[in-house]
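*Asks:* Start from the sequences, fold in the hints, and give me the full structure.
Whatever position you read off the sequence shown (first residue = 1), add 53 for our numbering.
Hints were generated in silico from the structure; no laboratory data involved.
Built from N, CA and C at the ideal position, the CB exists for glycine as well.
Among the clues, some could well be false.
Stated by the list, open to error - Pair by pair, the computed Cβ-Cβ distance ranges are:
#1 R82 / M145: 27 to 33 Å
#2 T110 / R82: 16 to 22 Å
#3 P149 / N90: 23 to 29 Å
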Amino acid sequence: VFVDFAQECIDVAEKNAAWCDFRTPENARGVCAPVENVLQQPSRYGLDDPFDLVTITPPYEEVVYADLVQWVCESPLVAEDTVVVLEYPTEMGTLPPTIGQGKLVGVR
Numbered sequence: 054v055f056v057d058f059a060q061e062c063i064d065v066a067e068k069n070a071a072w073c074d075f076r077t078p079e080n081a082r083g084v085c086a087p088v089e090n091v092l093q094q095p096s097r098y099g100l101d102d103p104f105d106l107v108t109i110t111p112p113y114e115e116v117v118y119a120d121l122v123q124w125v126c127e128s129p130l131v132a133e134d135t136v137v138v139l140e141y142p143t144e145m146g147t148l149p150p151t152i153g154q155g156k157l158v159g160v161r
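*Replies:* In structure tokens, the structure reads:
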């Protein structure tokens, strides 16, 4: 599932998935919505099960990382064994080894 606020980005992601021979929408589909809405209310978008892998590449200067981490930690899409990859600018330094009251553990 690809989530982006811009329909153009969703269209490109779905086209790339089709070129990679994923059977869209069964194996790859886009959701055009703010990520916070999808993380907080996934069933509204037809998403009911936690993901194995979540990758997040937000627009660096348009996101409040504390809010983003909170949404991820509280989302029903993120289970105990979900791998979360969060891209952030090097100017932020290194995130603590655990964030979200210990729900997310990681390294840079």
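*Asks:* Among all the numbered hints in the text so far, which are the ones the structure does not match?
*Replies:* none
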